[in-house]
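Trainee: All chains should be modelled from the sequences, with the hints used to inform the complete structure.
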Amino acid sequence: MINLQNASRWYGQVLGINDISCAIEPGITALLGPNGAGKSTMLKLVTGQLRPTTGCVTVFEERPFANPRVFRRMGYTPEMENSYDDLTGYEYVDYLATLSGVPKTQRKTAVESAIERVVMTANMHRKIGGYSKGMRQRIKVAQAIVHEPELLILDEPLNGLDPVGRHEVSTLLHDYGREGRTVLVSSHILYEVEQLTQRILLLNHGRLLAQGSIRQIRDLIDAHPHRIEITSTDARSLARDLMGLPYILSARLDGPSATKVEVETRAPEMFYSTLPEIALSNGYRITAFSSPDNNLEAVFRYLVTDKPAQPKNHLVFAPAETAGEEEQP
Amino acid sequence: MTIETPGNGHQPIADLSYRNYDGPLKTRRFRWWIVALANMRLTIRKKAFWIVASIATLPYIFQGLSLYIQSMTENAPMMHFNPMLAAQTERTFALSFFMAFNGQMLWLFIVALMCGANSIAADNQTNALLVYLSKPVTKWDYLIGKWMSVFLTIWFVALAPALIMFIYCMLSYSGDGFLTKEPTLFLRMIVATAIPAFLHASLLVGISAWSKTGRMAGAAYAAFFFITSAIVSVAAIIRFGMNPAKGTLMRHLTVEGVMQGLAQNVYGVTMRLPKFSKAFEMKELTLSPPNPWILLAVFVALCLIGIAAARARIRAVEVVRG
Amino acid sequence: MNVATINNLTVRYGAKTAIEDLTADIPEGCVGLLGPNGAGKTTLLKTLMGFLKPAKGGGSVMDCRFDTQGLRIRQLTGLMPEQDCHIPGLSAVEFVAYAGELAGMPREQAMRRSHEVLEYAGLGEARYRPVETYSTGMKQRIKLAQALVHGPKLIFLDEPTNGLDPDGRDEMLALVRDISHGKGVNVVVSSHLLPDIERTCDTVIVMANGRVVEQGEISTLKQVAQKQVAVELRIASDEFVSALEARGARLLSAQGSHYRFALMDHEDDIGRLLFETAKASGAQIRGFHPALRSLEDIFLEAVQ
Numbered sequence: 001m002i003n004l005q006n007a008s009r010w011y012g013q014v015l016g017i018n019d020i021s022c023a024i025e026p027g028i029t030a031l032l033g034p035n036g037a038g039k040s041t042m043l044k045l046v047t048g049q050l051r052p053t054t055g056c057v058t059v060f061e062e063r064p065f066a067n068p069r070v071f072r073r074m075g076y077t078p079e080m081e082n083s084y085d086d087l088t089g090y091e092y093v094d095y096l097a098t099l100s101g102v103p104k105t106q107r108k109t110a111v112e113s114a115i116e117r118v119v120m121t122a123n124m125h126r127k128i129g130g131y132s133k134g135m136r137q138r139i140k141v142a143q144a145i146v147h148e149p150e151l152l153i154l155d156e157p158l159n160g161l162d163p164v165g166r167h168e169v170s171t172l173l174h175d176y177g178r179e180g181r182t183v184l185v186s187s188h189i190l191y192e193v194e195q196l197t198q199r200i201l202l203l204n205h206g207r208l209l210a211q212g213s214i215r216q217i218r219d220l221i222d223a224h225p226h227r228i229e230i231t232s233t234d235a236r237s238l239a240r241d242l243m244g245l246p247y248i249l250s251a252r253l254d255g256p257s258a259t260k261v262e263v264e265t266r267a268p269e270m271f272y273s274t275l276p277e278i279a280l281s282n283g284y285r286i287t288a289f290s291s292p293d294n295n296l297e298a299v300f301r302y303l304v305t306d307k308p309a310q311p312k313n314h315l316v317f318a319p320a321e322t323a324g325e326e327e328q329p
Numbered sequence: 001m002t003i004e005t006p007g008n009g010h011q012p013i014a015d016l017s018y019r020n021y022d023g024p025l026k027t028r029r030f031r032w033w034i035v036a037l038a039n040m041r042l043t044i045r046k047k048a049f050w051i052v053a054s055i056a057t058l059p060y061i062f063q064g065l066s067l068y069i070q071s072m073t074e075n076a077p078m079m080h081f082n083p084m085l086a087a088q089t090e091r092t093f094a095l096s097f098f099m100a101f102n103g104q105m106l107w108l109f110i111v112a113l114m115c116g117a118n119s120i121a122a123d124n125q126t127n128a129l130l131v132y133l134s135k136p137v138t139k140w141d142y143l144i145g146k147w148m149s150v151f152l153t154i155w156f157v158a159l160a161p162a163l164i165m166f167i168y169c170m171l172s173y174s175g176d177g178f179l180t181k182e183p184t185l186f187l188r189m190i191v192a193t194a195i196p197a198f199l200h201a202s203l204l205v206g207i208s209a210w211s212k213t214g215r216m217a218g219a220a221y222a223a224f225f226f227i228t229s230a231i232v233s234v235a236a237i238i239r240f241g242m243n244p245a246k247g248t249l250m251r252h253l254t255v256e257g258v259m260q261g262l263a264q265n266v267y268g269v270t271m272r273l274p275k276f277s278k279a280f281e282m283k284e285l286t287l288s289p290p291n292p293w294i295l296l297a298v299f300v301a302l303c304l305i306g307i308a309a310a311r312a313r314i315r316a317v318e319v320v321r322g
Numbered sequence: 001m002n003v004a005t006i007n008n009l010t011v012r013y014g015a016k017t018a019i020e021d022l023t024a025d026i027p028e029g030c031v032g033l034l035g036p037n038g039a040g041k042t043t044l045l046k047t048l049m050g051f052l053k054p055a056k057g058g059g060s061v062m063d064c065r066f067d068t069q070g071l072r073i074r075q076l077t078g079l080m081p082e083q084d085c086h087i088p089g090l091s092a093v094e095f096v097a098y099a100g101e102l103a104g105m106p107r108e109q110a111m112r113r114s115h116e117v118l119e120y121a122g123l124g125e126a127r128y129r130p131v132e133t134y135s136t137g138m139k140q141r142i143k144l145a146q147a148l149v150h151g152p153k154l155i156f157l158d159e160p161t162n163g164l165d166p167d168g169r170d171e172m173l174a175l176v177r178d179i180s181h182g183k184g185v186n187v188v189v190s191s192h193l194l195p196d197i198e199r200t201c202d203t204v205i206v207m208a209n210g211r212v213v214e215q216g217e218i219s220t221l222k223q224v225a226q227k228q229v230a231v232e233l234r235i236a237s238d239e240f241v242s243a244l245e246a247r248g249a250r251l252l253s254a255q256g257s258h259y260r261f262a263l264m265d266h267e268d269d270i271g272r273l274l275f276e277t278a279k280a281s282g283a284q285i286r287g288f289h290p291a292l293r294s295l296e297d298i299f300l301e302a303v304q
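Heads up: the protein sequence lines correspond to chains P, X and F, in order.
All the letters of the first sequence, read from the start, carry residue numbers 1 to 329 under the numbering used here.
All the letters of the second sequence, read from the start, carry residue numbers 1 to 322 under the numbering used here.
All the letters of the third sequence, read from the start, carry residue numbers 1 to 304 under the numbering used here.
Worth double-checking, as some hints may not be accurate.
As the list claims (entries may be wrong) - Listed next, the in silico SDA-like pairs over lysine to any residue satisfying Cα-Cα at most 25 Å (straight line):
{"#": "1", "chain 1": "F", "residue 1": "56", "chain 2": "X", "residue 2": "272"}
{"#": "2", "chain 1": "F", "residue 1": "16", "chain 2": "P", "residue 2": "84"}
{"#": "3", "chain 1": "P", "residue 1": "127", "chain 2": "P", "residue 2": "180"}
{"#": "4", "chain 1": "P", "residue 1": "260", "chain 2": "F", "residue 2": "292"}
{"#": "5", "chain 1": "F", "residue 1": "53", "chain 2": "X", "residue 2": "309"}
{"#": "6", "chain 1": "X", "residue 1": "26", "chain 2": "F", "residue 2": "16"}
{"#": "7", "chain 1": "P", "residue 1": "260", "chain 2": "F", "residue 2": "267"}
{"#": "8", "chain 1": "F", "residue 1": "139", "chain 2": "X", "residue 2": "315"}
{"#": "9", "chain 1": "F", "residue 1": "227", "chain 2": "P", "residue 2": "127"}
{"#": "10", "chain 1": "P", "residue 1": "260", "chain 2": "F", "residue 2": "266"}
{"#": "11", "chain 1": "X", "residue 1": "47", "chain 2": "F", "residue 2": "91"}
{"#": "12", "chain 1": "F", "residue 1": "227", "chain 2": "P", "residue 2": "287"}
In case anyone wonders, no lab produced these hints; they're calculated from the structure.
Mentor: Below, the structure is given as structure tokens:
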């Protein structure tokens, strides 16, 4: 649906994005990166507000810049906070439905169903000036979906929403993704992103750092072996046994009382297969275990703060299904 | 760096993390002064301010020079140089001060715009009021502080050159009876220079509070200033024709006019222009000070409106419309 | 020891009642204030700082009544507002020093303390630049600094991680945690982001519709009545579920490969149970831990 090929954009001297190539498929993809990484630039390129300085950007196989054919099939919630304070919610969505090309006969139903999907029906005839932040956020999402676009682009959609609102909008996005539409979400709140999707696009300093599923990316971050923390009453003995395994790089106890042991390994799959055996055969009592850095936040931190390095494919211990073919920058 | 802790001996590594502040916290009385001082500091930093302030001293320098030249050539009437001075028979010095004061009007207006337009408008733009009101500062502290900063700045620009001229006169013309003939001049000078400061500060603070940016406030005030002038001039011409001797009170019903009229009353001078235009069949144009009470009423009204407007507009608590 | 007590507070905005008959105690330490939009959180904060006059009821903050001694309260507390705010035309260090002066500090102390607090908030050389040039993250830190400069023992933070990128959030939350644990400053954090609250606060107050619907220590609220365990498998496996249920467990929820089970009370060695079941059903466990109610559950239950 969205395709970037060697797209770059700069503003005078200042770099927006640098030589980014990627393709965004149907489903939900998250666009991540620290402030200043180039996310807004990329979104502006995709939504046709800017043209790339070099390279090319296509949406639905057309260039999106000032292209109404593309706009008609696309919904966009920008991050900015300004709004039409004097219009009611209904009028605002109605107005934008007209702009998006919803035919007059269907407009009323489209507007009402869009507003209902964001749970704003009770407030739709109040002026936007009187809305709280969460309500404004929701009405923005309503205007983006009113024309049932195939492509939905959301910049910080969950900002300002309470958990109830967040749940509603997330469900909406999940449904959209499942229906085969393309959803591109840009957000800072990593734990929410993780619940939405496994597919990410990570930018930093205008470059594309990583693209693919969180799990695969995590496996390929060689510099940070997986850490797994095990809580057990027999932590010390467990640690000793684990150190005997060839793919365990280190085992660390949390203190002299040894209630937890944290191991590092580059072959987590093998570890997960072996741990039950060790525990059962030796009768170790394990009360919990988890991998504290097997999540999006860790991936983000490792990729963004580390110096750029060649990610090696650690084939030595990689079990069969860890794919290494994901596109790397 | 070592820190002694009781009973523990030396701690070689200092704890540089957050420390509490248990020092003195002054009570309320001086809050508005802090606001005023901060605003004035911002104005003082601008180069443009000093340039305009310097230009604003020129009228006084000019008057001083006039006096000097006249004193050099005491016996020859220098009528063509400064006929008004020559025609003045009493309160000559007061007249000089008043004329210098008049000459400053435009520059005081510009200084007012510089320090006043931004005073509250810039805060509106950056939501600064949230910061102010989350400290032990009341809305009045804030308003008085802002007003004071504008007032004091304008008063300074008006008064400083006047003081210098006063000292010059005192040094040079005591012999001519500077201090003895016009004993109240010092007080009159202080009051007169405060008048534009007072009025500009009140009006600007009111307009600034209702504006979103300093530029808007400045433009609004300038518009008000000039439009009232235009309206009044036209009205006066309609009513009184082109004769400058008539309709003096009406001509003074502008912002600038109110200030000049009141100052003229304070200085207590009558302007006389001999050999005035034949067209008006006058040998001499005499402009006495216009009715002070009406002017005073207008002055007070404008000031109160300005301050009240500002007070009404200052709110840090957004009202969630139900 | 409570830093604030509120009794039967009612606050109205014109015709709308924002807070209705609210009674709560704010304990020491770090307290989270949660609630849906429109629950009255910001209104409560403003009332506690003496901005809004209650229609009924009252209370005190730091031993000063907030309906009458608002000014004194504002000298003893600090507020980090949600919106962007700063004094125009000043650099960070001047701004924070000015804030200190407004709170009553003498000028030199204010300047010295401004540097100290900005250092603590992580603003290095940038502190000499005008605030208008700052990024969101820096502006948030300055807001925190200006709330702390006069050494208040209680600060109110309204959405402290608003607009921050993940690194910035990390650092801000670390700061909040540091300040509230061991430095003697009590903190009230109002936020939508539950993980933020979990990371920094020990107690929560949940508000909805202008009332308090739940309050208490997070650890206590999270306790569940029965033994529950959250399990993550490599891939979703129905065989595992049935095998575990056969051994006396009850499936509470399933989302992809994440499951939640309630176990029999006498279940002693959870690890053994799960590993044996996994072995038998051919599933691979990627993690498990005793499940507590998440803060999200607490919130949703309280609010609905």
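Trainee: So, for every hint listed, does it hold in this structure?
Mentor: These are the hints, each one checked on the structure:
Note on residue 56/F and residue 272/X: the hinted pairing is violated, with a Cα-Cα distance of about 69 Å set against a maximum of 25 Å. At most 25 Å may separate the alpha-carbon atoms for a hinted pair to count; residue 16/F and residue 84/P meet this at roughly 23 Å. Restraint check for residue 127/P and residue 180/P: the C-alpha separation of about 34 Å exceeds 25 Å, so the hint is violated. With a C-alpha separation of about 19 Å, the suggested pair residue 260/P and residue 292/F falls inside the 25 Å cut-off, and the hint holds.
Taking the CA atoms of residue 53/F and residue 309/X, the gap is near 23 Å; set against the 25 Å cutoff, the hint holds. The hinted pair formed by residue 26/X and residue 16/F fails the criterion: a straight-line CA distance of about 38 Å is larger than 25 Å. In summary, the hint linking residue 260/P to residue 267/F is supported, as the alpha carbons are separated by about 21 Å, within the 25 Å threshold. For the hint linking residue 139/F to residue 315/X, the alpha-carbon distance of about 22 Å falls within 25 Å, and the restraint holds.
Taking the CA atoms of residue 227/F and residue 127/P, the gap is near 49 Å; set against the 25 Å cutoff, the hint is violated. Distance check on the hinted pair: residue 260/P and residue 266/F sit about 24 Å apart at the alpha-carbon level, within 25 Å; holds. Between residue 47/X and residue 91/F the alpha-carbon distance is near 18 Å, which keeps this suggested pair within the 25 Å criterion. With a CA separation close to 12 Å, the supplied pair residue 227/F and residue 287/P stays within the 25 Å bound.
Taken one by one, the earlier hints fail for this structure at numbers 1, 3, 6, 9, listed in ascending order.
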